[in-house]
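Just so you know, the sequences run in chain order A and B.
Counted the way our numbering counts, the first sequence spans residues 538 to 731.
Counted the way our numbering counts, the second sequence spans residues 27 to 233.
Hints were generated in silico from the structure; no laboratory data involved.
Treat the numbers as computed from the prediction; the structure is a model and nothing was measured.
Please note that the accuracy of each hint is not assured.
[To be verified] Example chain B residues on the side facing chain A (calculated, C-beta under 8 Å, incomplete):
| id | residue |
| --- | --- |
| 1 | H52 |
| 2 | E62 |
| 3 | R65 |
| 4 | T67 |
| 5 | R72 |
| 6 | P159 |
[What the hints assert, rightly or not] Each pair of labels, with its calculated beta carbon distance range:
| id | chain 1 | residue 1 | chain 2 | residue 2 | range |
| --- | --- | --- | --- | --- | --- |
| 7 | A | R625 | B | L83 | 51 to 57 Å |
| 8 | A | A697 | B | A82 | 22 to 28 Å |
| 9 | B | D59 | A | P602 | 57 to 63 Å |
| 10 | A | P602 | B | P57 | 21 to 27 Å |
| 11 | A | T669 | B | P58 | 52 to 58 Å |
| 12 | A | P542 | B | D59 | 17 to 23 Å |
| 13 | B | F93 | A | T601 | 36 to 42 Å |
| 14 | A | R711 | B | P57 | 33 to 39 Å |
| 15 | A | G545 | B | L83 | 29 to 35 Å |
C-beta atoms are modelled at their ideal positions from N, C-alpha and C, and glycine is treated no differently.
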Amino acid sequence: MESPPRAGTDQELLKATLGGDEEAFVEIYRRYRDRVYRFACRMAGSAEVARDVTQTCFASLLETPARFDGRVCLGTYLCAAARNQSLRHAGRAWRERPSGSSPDLRPGGGPSPLEVLLEDERARIVREALSTLAPLHREVLILVEYEDLDLATVAEIVGAEVGAVKVRLHRARRKLRAALEAHVESGALTVERG
Amino acid sequence: MKANLTPGPEDGPEREALRAFLRQWHVAGPPPDIEEDLRRTFRRRRSGRRPVVWLALAAGLALVALFQAVPTGQLVPPERRTAVASPPPAPSAPPESRPVVRRADVAAGPTAPPRVRRAPVSSPTEHEVIVEPGQAMLLAQLGRELRFVQQEAAVTTPPRIETVPADAPETPIPQMQATDAPAYRATWKTVAGEWPFVHRSVPDSGR
Chain A
538 MESPPRAGTD QELLKATLGG DEEAFVEIYR RYRDRVYRFA CRMAGSAEVA
588 RDVTQTCFAS LLETPARFDG RVCLGTYLCA AARNQSLRHA GRAWRERPSG
638 SSPDLRPGGG PSPLEVLLED ERARIVREAL STLAPLHREV LILVEYEDLD
688 LATVAEIVGA EVGAVKVRLH RARRKLRAAL EAHVESGALT VERG
Chain B
27 MKANLTPGPE DGPEREALRA FLRQWHVAGP PPDIEEDLRR TFRRRRSGRR
77 PVVWLALAAG LALVALFQAV PTGQLVPPER RTAVASPPPA PSAPPESRPV
127 VRRADVAAGP TAPPRVRRAP VSSPTEHEVI VEPGQAMLLA QLGRELRFVQ
177 QEAAVTTPPR IETVPADAPE TPIPQMQATD APAYRATWKT VAGEWPFVHR
227 SVPDSGR
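Could you put together the complete structure from these sequences and hints?
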């Protein structure tokens with residue numbers, strides 16, 4: 538059972554963390570764990586790599602706190618750290634990952650086995666389509682489409698100009714659309730509007 | 027086809043469809059054991075910092091205790107410590123090509139070479155002077171000659187001083203005779219009409 542969220546800004550929590558407050562550090566982790574983990578998971582295509590990346594990113598706040606100079610918000614900084622870690626693992630993880638296994642971790646109960654099977658199949662198709670993208674294209678697509686970040690924040694995370702991010706996003710969408718076209722025509726993927 | 031690059035509610039249907047496709051890959055949150063691992067990392071770092079602090083503090087206290095334990099009387103002042111620690115300057119070993127001349131062998135005199143300094147009389151030790159080989163021979167010869175001159179000087183009598191009473195008759199100073207002039211002066215003459223006026227030696231076939 539998790540303790541209730543602690544009040545305070547990121548800067549205050551980080552200062553308390555460096556002063557030895559363990560709960561402040563845990564609060565920082567809880568605020569940004571989902572974004573960091575999911576992004577790493579989609580970038581690397583591996584739950585194991587995403588776990589390592591998440592641990593490394595938050596531990597770096599303890600090891601080298603001076604790297605975070607406060608020019609960007611803590612979430613952006615952690616995403617950038619996760620991006621750098623993920624790029625190191627990305628190529629290897631996509632190659633070494635056995636086919637059929639999915640980093641999808643869903644809570645048990647709910648959908649029927651057939652629905653689970655179909656969802657796994659759709660997730661595999663999307664994951665494989667994403668794997669065809671170059672890492673620089675994949676990261677902007679994930680940050681914009683999955684994490685709903687604006688282009689300026691994405692530009693800060695990837696360390697590029699907003700114009701360059703737009704170009705990468707456009708190319709990523711075009712390539713992804715081409716990769717998914719065959720699956721849409723065959724009926725393997727359905728459009729869920731809502 | 028012009029792509030809509032700005033994410034937002036005004037996205038076109040193509041982008042909405044693409045987003046819908048992408049949303050079919052669900053990724054759950056991180057496993058709960060990551061938090062426990064990070065807690066352990068945090069505690070390990072915090073406990074790892076304590077021994078360093080205590081070690082530095084203990085080292086400082088040990089140094090203070092060490093300085094206070096040493097009796098003050100046994101402490102040697104810095105200048106004396108330096109004098110004791112540093113041995114007297116050893117004479118530099120002369121190279122084989124340069125002979126060593128002892129200063130006692132060279133008598134001091136106005137004609138002594140400026141490089142050779144007079145040794146103090148009260149100095150019990152004789153310092154070595156390093157000179158060139160030819161210079162050493164000259165210095166030894168000069169020393170012998172000066173010693174001989176000093177021995178002869180001791181034999182010579184001081185000038186005689188005659189006391190004349192006040193009422194004594196005046197004694198005319200004898201005029202110097204022309205013959206008393208040195209012979210070479212007779213051969214000199216003033217060359218008139220020449221400028222500047224110089225005395226020129228007259229060639230003398232007899233000299």
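Each hint, compared with the structure:
no., hint, verdict
1, H52, "6 Å, holds"
2, E62, "10 Å, violated"
3, R65, "6 Å, holds"
4, T67, "5 Å, holds"
5, R72, "6 Å, holds"
6, P159, "71 Å, violated"
7, A:R625 with B:L83: 51 to 57 Å, "40 Å, violated"
8, A:A697 with B:A82: 22 to 28 Å, "45 Å, violated"
9, B:D59 with A:P602: 57 to 63 Å, "24 Å, violated"
10, A:P602 with B:P57: 21 to 27 Å, "25 Å, holds"
11, A:T669 with B:P58: 52 to 58 Å, "33 Å, violated"
12, A:P542 with B:D59: 17 to 23 Å, "21 Å, holds"
13, B:F93 with A:T601: 36 to 42 Å, "38 Å, holds"
14, A:R711 with B:P57: 33 to 39 Å, "35 Å, holds"
15, A:G545 with B:L83: 29 to 35 Å, "32 Å, holds"
Hint violations for this structure: numbers 2, 6, 7, 8, 9, 11, all remaining hints satisfied.
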